[in-house]
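Colleague: If you want the building blocks of each chain, they are given just below.
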Amino acid sequence: MNLDRLKLLYKDIILEQANNPQNTGRIRNPTNETNVYNPSCGDKLHFTCTLDKNKKITAIAFEGEGCSISQASASMMTQVVKGKSTKQAIELSKIFSDMAMGKKHSQEDLEKLGDAQVLINIMQFPARIKCATLSWWALDRMLLGEKRDKKND
Amino acid sequence: MNLDRLKLLYKDIILEQANNPQNTGRIRNPTNETNVYNPSCGDKLHFTCTLDKNKKITAIAFEGEGCSISQASASMMTQVVKGKSTKQAIELSKIFSDMAMGKKHSQEDLEKLGDAQVLINIMQFPARIKCATLSWWALDRMLLGEKRDKKND
Amino acid sequence: MNKINNIRDEFPILNRKINNEPLVYLDNAATSQIPISVQNVMREFEQTARSNVHRSVDTLGNIATAKYEESRNLVKELINAPSQNDIIFTSGATESLNMIAFTLGNKIIEKGDEIVITIMEHHSNIIPWQQLARKKQASLKYIELCDNGELDLADARTKITDKTKIVAVTHASNVLGVINPVGEISQIAHQHDAIMVVDGAQAVGHFPVDVQKLDADFYAFSGHKIFGPTGTGILYGKQKLLKKMPPYRFGGEMIAHVTRANATWAQIPQKFEAGTPNYTGVIGLGAAIEFLNQIGIKNIQVKEKELVKYVLPKIENIPGITVYGPKEWAKHTGVISINLAGIHPHDVATAFDELGVEVRAGHHCAEPLMTDLGITATVRASFDFYNTKADADALINAIKQTEDFFNEFR
Amino acid sequence: MNKINNIRDEFPILNRKINNEPLVYLDNAATSQIPISVQNVMREFEQTARSNVHRSVDTLGNIATAKYEESRNLVKELINAPSQNDIIFTSGATESLNMIAFTLGNKIIEKGDEIVITIMEHHSNIIPWQQLARKKQASLKYIELCDNGELDLADARTKITDKTKIVAVTHASNVLGVINPVGEISQIAHQHDAIMVVDGAQAVGHFPVDVQKLDADFYAFSGHKIFGPTGTGILYGKQKLLKKMPPYRFGGEMIAHVTRANATWAQIPQKFEAGTPNYTGVIGLGAAIEFLNQIGIKNIQVKEKELVKYVLPKIENIPGITVYGPKEWAKHTGVISINLAGIHPHDVATAFDELGVEVRAGHHCAEPLMTDLGITATVRASFDFYNTKADADALINAIKQTEDFFNEFR
Ligand SMILES: Cc1ncc(COP(=O)(O)O)c(C=O)c1O
Ligand SMILES: Cc1ncc(COP(=O)(O)O)c(C=O)c1O
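Residue numbers (the numbering used here), protein chains in the order written: chain A, 1 to 153; chain B, 154 to 306; chain C, 307 to 716; chain D, 717 to 1126.
There could be a bad hint or two in this list.
[Unchecked claim] Here are the simulated DMTMM-like pairs of lysine to aspartate or glutamate, each with C-alpha atoms no more than 25 Å apart in a straight line:
#1 A/11 x D/786
#2 D/1116 x A/91
#3 A/44 x A/63
#4 B/164 x C/714
#5 A/7 x D/826
#6 B/257 x D/1120
#7 C/417 x C/461
#8 C/544 x C/709
#9 B/164 x C/709
#10 C/550 x A/33
#11 C/417 x D/826
#12 B/256 x B/268
#13 B/160 x C/327
#14 D/783 x C/327
#15 B/160 x B/186
#16 A/55 x A/65
[Stated by the list, open to error] DEER-style ranges, computed between Cβ atoms:
#17 C/552 x D/926: 36 to 42 Å
#18 C/565 x D/878: 55 to 61 Å
#19 A/8 x C/565: 50 to 56 Å
Hints were generated in silico from the structure; no laboratory data involved. As the structure is a computational prediction, the values presented were derived from the model and not from experiment. For each residue, glycine too, the CB sits at the ideal point set by N, CA and C.
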């Protein structure tokens, strides 16, 4: 009866990011924004970003309350997509979501996720997958509009 | 596989009364009237009666559609209570209802019911008890008002 | 087909006796029997994983939620809905139909609008529209029957106009045993921009249903009539309409955010599922659909047709019998409504019950239809795939004996 | 009391493992477990007498109806209602509460009227009133908490005025574990001629409830929280109010007479039970009440108190723990809400789950209360009579290990 297995999920970097999340707050005059809400736990996050003329994400931020998984995931997501094109960001979101669902993916793809790849073990904690995917879903929504709504359900 | 047991319920007099019910129609200018409805089968009957100054039932009639048990019971009920005082009628209703429920009763009481006592076997056909008691319940309602509503439920 | 022949073992009730006679269960239109395997799924769930669904991060809650949502997927596939987000769980067809009337119906119907239903509807698909029409000073119009007991499609074309906002039609009648051309009526409704609501309570589980082919905007049915648990029902709705539809009931699970002064709603379909759902029931409903799939809905349809082909001509041949609805077996579902000349349906049902034959006698929650037919009640025998030719023979015999019994007296 | 000790055999789920640890089920406030004996009653019914209730003259329908109505009688006795005609079966507490708001509430609330609830209500007892108030331009007022986590009765006296038409209060909180003085509030409400609605979802099954002593006008609760099947609920109402109450839903069983243009309603309570009810569920609910009666509701109360007396002081002694609601065990139901300093409730629940301890983390459908407490979520452990001191110890241990795990990092 101990919590060893929990270390698979709560790696140091995740707790670090959760305690000191990056890119928090709101971008002024964002070009895109969205509110997301995790119906399975009640977490709510608000995202803002600025796309330049070439659809590159020049700034991105989030605010809102949540568990350490959702805070860390939001923090890591914003870090990895900042400076990426919309297309690249959407591709990363797809990789992340596949990873979280336990679908197969190349090592090369995984590495594109940067720190966010440490959440790979989330698939062993099915009840928490949504905590991890929430901010990536928000990214899709923010960039593509609400038509992607179904994804997180 | 035959219908012998059914003869306990459908005695000749019942089928006779059902085919030629007495006291059908409406009393003109009734002093009392009521609509009753059997929720377990959908039968609906309308009763009218006239009470004189001494609260004696001088005329009584019913109309409406129903199975042979409810038609026969209405016909027999109206015959036996015609000419009785309100008090006597209510007493008869109580005896009938006890009989239908299989409660014990004296032979003397039973005989007060006249032809209606042939319905004594109704208790062996629980699904049909309401068909038999419907018109007696209507009598109570007509004489006592709706406060007796619960009885037939 | 062999599967069907041994399938009665799944229904131990079919071996019981009624008044010392073997049970002949011909009341399937009221409620169908439930297989042991479906009961076992629920029992297994209750004994290993019972837990409230949604909003939970623990193992049990997660298992329960996954199973609950798996049932949604099974329903989606059963009726070929585009997405499982189009499926709302309710307590039964009655609630499903009320939900549309009280939410979207209440929102869109205005004074002078028209709602069109048919004269053969069940009360659950009449009164919600009738009361909505009364409240809004809209009018309620009825599509009538042809002489052959089928719906008058020409009348449908006249009754549905540009004023029509909602058309609500039963897919199969619970009295006449007729299947309505809901696909065609759907087209007519859509030509007039009306919303097409289909009551599938007597259709699902008896023949294949494809809500997309029918182009139904809403489709309602009950779990307890498709070998599932009581207290379960389904409302399918097109996403674009569900998006416009206000919530039906308020409470847990259906909200996004609540403050003292206001609330916002969860996504579809949760928005329409307030409170703890009948989660064990829904899981059982999923098992019932798997049971259906295993037997094959087409096999069920063939078996029911076979029974009707066998029994309907025999019934029609008995003197003194009136059959309501179409006279040809090919047009019939397993539902057959009759009357025996001069014998009240309740007296008939009591006689049948003596012989172990369980049918339903009454207005079958279709009083306007009864009035239209000039009667107050019928005797309804409804066959399902687990019934046999022996059951059909027992019915024929019961009719004859009952006629003899009551006619002897006259 | 011996009955209680052997009673865990009735709940095989309690022997299962979660993540290789024995299950410690502390989510009883969300849903309680269901005894085998209750499941057996439903199974027996399904296998020997399954049949639709009401409007039937056959043997099966008659058995089903009698059993269904027997459950009504058991509910009546459980809460000491004056008559079984005061008991309406619903799909759950949420539907019960919505039913009052949408029918009688909708009828009596007018512009400028007031509805008074408390800040500790469950969403199911907030949003129906909130949305009714918004629709009618009435105002919704909240009775606040005292510093000790109990309801502020003095505030109740201020908030309830002659403008108040409805007062709706939970009997026991699903977050704070506090029992509210509903009898006193009922008196205050009645002094102002307001209708007193009590949400008994967390009360029934835990301590004796007497609706007449409380002088509650309406009393709502759910079957799945009192060891019964899901999809069942109860609304008790005083006859004189039920008589004024319009129907909630339209369909089969709830009518007296239907024509093309209009309909009249059946007697109470059928008037409020449209469509095929969850009859097997209701029969199971009856069995659950018989199970409760056999154990004795007072024995359950004593056992729960014992557990709380044991566990609450231990929890309070752990550093870094906040307990919401009353601090004294004597004022507590089996519901205990806590937070661990600096650790989000969902992370706590995942850690607990690793240890087999099933609790619920979240806002518990009480967001206004969360806002009031200045938090977004809690970890809630809820004990029932089948829990043990070992379960309590497991909880204490889980709290400590979780703190250690997350604090190690900082
Ligand atoms: C055609 C039809 N519609 C609706 C219903 C209502 O279904 P339920 O009573 O299960 O809500 C029924 C069943 O009685 C029916 O036969
Ligand atoms: C206090 C309270 N009221 C109402 C409800 C709603 O009950 P249900 O979800 O069973 O409808 C609950 C249960 O979650 C509750 O705890």
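Colleague: Give a verdict on every hint.
Modeller: Results of checking the hints against the structure:
Only pairs whose Cα atoms come within 25 Å are accepted, and residue 11 of chain A paired with residue 786 of chain D is rejected, the gap being roughly 57 Å. Restraint check: the Cα-Cα separation between residue 1116 of chain D and residue 91 of chain A comes to about 42 Å, which exceeds 25 Å; the hinted pair is violated. With a CA separation close to 9 Å, the supplied pair residue 44 of chain A and residue 63 of chain A stays within the 25 Å bound. Note on residue 164 of chain B and residue 714 of chain C: the hinted pairing holds, with a Cα-Cα distance of about 12 Å set against a maximum of 25 Å.
As the CA atoms of residue 7 of chain A and residue 826 of chain D are separated by approximately 58 Å, the hinted pair breaks the 25 Å bound. A C-alpha spacing of about 74 Å is found between residue 257 of chain B and residue 1120 of chain D, which places the hinted pair above 25 Å, so the restraint is violated. In summary, the hint linking residue 417 of chain C to residue 461 of chain C is supported, as the alpha carbons are separated by about 23 Å, within the 25 Å threshold. For the suggested pair residue 544 of chain C and residue 709 of chain C, the alpha carbons sit about 50 Å apart, so the restraint of at most 25 Å is broken.
Pair hint residue 164 of chain B plus residue 709 of chain C holds up; C-alpha atoms about 16 Å apart against a cutoff of 25 Å. With a C-alpha separation of about 23 Å, the suggested pairing of residue 550 of chain C with residue 33 of chain A holds against the 25 Å cut-off. Restraint check: the Cα-Cα separation between residue 417 of chain C and residue 826 of chain D comes to about 23 Å, which is no more than 25 Å; the hinted pair holds. Distance restraint check for residue 256 of chain B and residue 268 of chain B: the Cα-Cα separation of roughly 19 Å lies within the 25 Å cut-off, and the hinted pair is therefore satisfied.
Distance check on the hinted pair: residue 160 of chain B and residue 327 of chain C sit about 17 Å apart at the alpha-carbon level, within 25 Å; holds. A hinted pair counts as satisfied when its Cα atoms are at most 25 Å apart, and residue 783 of chain D with residue 327 of chain C qualifies at roughly 22 Å. Our distance criterion of 25 Å between C-alpha atoms is broken by residue 160 of chain B and residue 186 of chain B, whose separation comes to about 34 Å. A distance of roughly 28 Å separates the Cα atoms of residue 55 of chain A and residue 65 of chain A; the hinted pair therefore is violated under the 25 Å criterion.
The supplied range of 36 to 42 Å is met by residue 552 of chain C and residue 926 of chain D, whose beta-carbon atoms lie about 38 Å from each other. Between residue 565 of chain C and residue 878 of chain D the CB atoms are about 27 Å apart, so this pair departs from the stated range of 55 to 61 Å. Between residue 8 of chain A and residue 565 of chain C the CB atoms are about 38 Å apart, so this pair departs from the stated range of 50 to 56 Å.
The structure shown violates the earlier hints numbered 1, 2, 5, 6, 8, 15, 16, 18, 19.
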